[in-house]
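K.L.:
Next come the chains, spelled out residue by residue.
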Amino acid sequence: MSISLFIYLFGVIAFYYSLRLQVDGNVNNEMEKRKMSIIRQMEEAHSSVSQPPGRNEMVLVRPVEKGRTADRFADTLIYNKEEQRYQLFRQLGFTETVNHQSFQVQIFKSLEETDSLIVSIIMTMTVLVILLILTLLIVNRYSSRMVWGAFYETIEKINRYDVNSHEDFALQDSDVKEFSDLNRVLHAMTERLKNDYLNLKEYTENASHEIQTPLAIINSKLELLLQSGEMSEKQYKALADAYEASIRLSKYNSTLILLAKIENKQFPESKVVSPEAILKGLLESLDDLIRSKKIEVVKKFVPDITVMMNPYLAEMLIVNLVKNAVRHNVKGGKLLVEVGENFFRISNSGSEISVDENLLFKRFYKSTSSPESLGLGLAIVQKICALYGFEVNYQFRDQLHSMTVTFKNGVGTALNSEIS
Amino acid sequence: MKILIIEDEKTLSDAIVEYLDGEGHLCEVVYNFEEAIEKIELYEYDCMVVDINLPGGSGLDLIRLVKKKSIAVGIIIVSARNSLDNRIEGLEIGADHYLTKPFHLAELNAHLKSIHRRISFNGNNELVLNEIKLIPDEHRAFVLDQELVLTKKEYELLLFFISNKNKVITKAGLAEHLWGDHMDAADSYDFIYTHIKNLRRELLKKGCKDYIKTIYGLGYKFDLT
Numbered sequence: 001m002s003i004s005l006f007i008y009l010f011g012v013i014a015f016y017y018s019l020r021l022q023v024d025g026n027v028n029n030e031m032e033k034r035k036m037s038i039i040r041q042m043e044e045a046h047s048s049v050s051q052p053p054g055r056n057e058m059v060l061v062r063p064v065e066k067g068r069t070a071d072r073f074a075d076t077l078i079y080n081k082e083e084q085r086y087q088l089f090r091q092l093g094f095t096e097t098v099n100h101q102s103f104q105v106q107i108f109k110s111l112e113e114t115d116s117l118i119v120s121i122i123m124t125m126t127v128l129v130i131l132l133i134l135t136l137l138i139v140n141r142y143s144s145r146m147v148w149g150a151f152y153e154t155i156e157k158i159n160r161y162d163v164n165s166h167e168d169f170a171l172q173d174s175d176v177k178e179f180s181d182l183n184r185v186l187h188a189m190t191e192r193l194k195n196d197y198l199n200l201k202e203y204t205e206n207a208s209h210e211i212q213t214p215l216a217i218i219n220s221k222l223e224l225l226l227q228s229g230e231m232s233e234k235q236y237k238a239l240a241d242a243y244e245a246s247i248r249l250s251k252y253n254s255t256l257i258l259l260a261k262i263e264n265k266q267f268p269e270s271k272v273v274s275p276e277a278i279l280k281g282l283l284e285s286l287d288d289l290i291r292s293k294k295i296e297v298v299k300k301f302v303p304d305i306t307v308m309m310n311p312y313l314a315e316m317l318i319v320n321l322v323k324n325a326v327r328h329n330v331k332g333g334k335l336l337v338e339v340g341e342n343f344f345r346i347s348n349s350g351s352e353i354s355v356d357e358n359l360l361f362k363r364f365y366k367s368t369s370s371p372e373s374l375g376l377g378l379a380i381v382q383k384i385c386a387l388y389g390f391e392v393n394y395q396f397r398d399q400l401h402s403m404t405v406t407f408k409n410g411v412g413t414a415l416n417s418e419i420s
Numbered sequence: 421m422k423i424l425i426i427e428d429e430k431t432l433s434d435a436i437v438e439y440l441d442g443e444g445h446l447c448e449v450v451y452n453f454e455e456a457i458e459k460i461e462l463y464e465y466d467c468m469v470v471d472i473n474l475p476g477g478s479g480l481d482l483i484r485l486v487k488k489k490s491i492a493v494g495i496i497i498v499s500a501r502n503s504l505d506n507r508i509e510g511l512e513i514g515a516d517h518y519l520t521k522p523f524h525l526a527e528l529n530a531h532l533k534s535i536h537r538r539i540s541f542n543g544n545n546e547l548v549l550n551e552i553k554l555i556p557d558e559h560r561a562f563v564l565d566q567e568l569v570l571t572k573k574e575y576e577l578l579l580f581f582i583s584n585k586n587k588v589i590t591k592a593g594l595a596e597h598l599w600g601d602h603m604d605a606a607d608s609y610d611f612i613y614t615h616i617k618n619l620r621r622e623l624l625k626k627g628c629k630d631y632i633k634t635i636y637g638l639g640y641k642f643d644l645t
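Sequence order for the protein chains is Y and W. Taken in order, the first sequence gives residues 1 to 420; the numbers are from the numbering used here. Taken in order, the second sequence gives residues 421 to 645; the numbers are from the numbering used here.
Source of the hints: derived by calculation from the structure; they are not laboratory data. We put the CB at the ideal spot given by N, CA and C, even for glycine. Heads up, a few of these hints could be off.
What the hints assert, rightly or not - Residues from chain Y that keep clear of chain W, each with C-beta distances beyond 12 Å, as calculated:
{"hint": "1", "residue": "T126"}
{"hint": "2", "residue": "S144"}
{"hint": "3", "residue": "I305"}
{"hint": "4", "residue": "Y394"}
Stated by the list, open to error - Residues from chain W that face chain Y, not an exhaustive set, calculated with beta carbons under 10 Å:
{"hint": "5", "residue": "L432"}
{"hint": "6", "residue": "I436"}
{"hint": "7", "residue": "P475"}
{"hint": "8", "residue": "A500"}
{"hint": "9", "residue": "T520"}
{"hint": "10", "residue": "L528"}
{"hint": "11", "residue": "N586"}
{"hint": "12", "residue": "T590"}
{"hint": "13", "residue": "K591"}
{"hint": "14", "residue": "L598"}
{"hint": "15", "residue": "H602"}
{"hint": "16", "residue": "F611"}
Okay, chain Y solo, but in the shape it has when bound (with noise of 0.2 Å):
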């Protein structure tokens, strides 16, 4: 825009000048031959001659001492009686001899007509290039508005595209040719991008479940080759080994497999579910090992409190949380489980430990204390409530680590219409 203004001011600029040239030489030529008329007539009469004045013209002869001079062009201007104002005159001076006698003449052309053709030439092309100015903006603004739309949406659409998603990545179709190769390209690109993460996806959630049997036959067999006796403690103690290793493959597999499954929504179906009746039968069967560690108990529940999602899931979230809290607490610690409105939290002993909030979430992350754990709990965790939005914080306070999952009300029958 200010480019196009500055090439248009210079422009005038120059076309000004161009125009004032192209006048001043034609008035220059004009006045070459006055002077040769006015020449002749002088030479004609052998004296000055009193010059009739013609048409926006003077002429002023006046005899001089010295000899001739050049011709000398210039712009002058000349004030006009009538109308009280300066005129911009050209004017021709030259001095003529005739009789020995030496004349100077002048010949002076006014402007006046000439200038006020340039001023509205200039005038009337300002006005047709502002006005094929404005036409070009909107013109183009509004095609701009067609053209570019289609291509904004589909960069819109790249911003917010998820492989992981289940909608089509459809893009809008463009009647200009290079968008619509455009989209063309992305929508192969991402749907070979999406083919490529199914497939690997696909490959790791068969190779899981794959896993499982030859696991089967590994502890099969080990737990068969306990029976046989007559084995020394270190032969024992190898077996037990591998046993237990075996064991916990296993639970990792399995636990994959869930993660895996909640990514792919695969338990779609939504019910009515009690945080405090999950707690409670938890608590239940968790009883012996609770006591053993001599962990106090303490539960704060509002009644009545009902979540929609699905039962398994919920059963799930909480599980790991309490299993977590009682497997990081301290033996004699406090284990504090609560059901709020819109929330509920549980916290267990322990002493502070520095760790990043973010790494706490992550996938086989573990503190040091229990190398037993899988550091798959709070992952789950993290995934099951991503997927009904509710939100899950860590906060150290009073020597309580504790959990809070926030469950907007509605959330879970909102889900529902979505999964669907």
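Starting from the known structure of chain Y, arrange chain W on it as the hints suggest.
P.N.:
Just chain W now, kept in the frame of chain Y:
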């Protein structure tokens, strides 16, 4: 008890048969869907151990088929898929238990034993083992006709031991049987030891021999030999 084991993984079914050997069962093994159908249509079984994903078809269809023939048949599903739907469907169509691979052989054996008790005595049974007598339906146990004072867990522990007598039982298998899946919250199996200690003390107090042997910190064995 006549048991049909339907499991396409030969090594696994072999392991099951070997573990059950000496328990007085008659085990038959098939490795695919068609063979299973053939067996089910030709013979009667008391119990069936069935994998869901079989070459040629679904184990669930086999369960429906065998249930049509006999009400009393006991069914244990062993599946690599720990899917809730599968589990619910399996139990709905009449399976007694659903074990997820990998499972403990001791666990499978305990379930088979409970099915066996149900079938042989119509539930009205006593389990006698030397000086020990159990009445599973009433959750009561006796030694030399004196009733043992046991908690629920201690009783279950005794039953599990007796079901897997003379076998080494790992702590992990024990914990999973008695406390379920959530026992990985424990960082050690110390809490099991308390229960074993109480059970042993009670048995000895009533004049029972000390059958419970500890196997190198690996597990236990209810040793009658």
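K.L.:
Which numbered hints turn out to be false for this structure?
P.N.:
Those not satisfied come down to hint 7.
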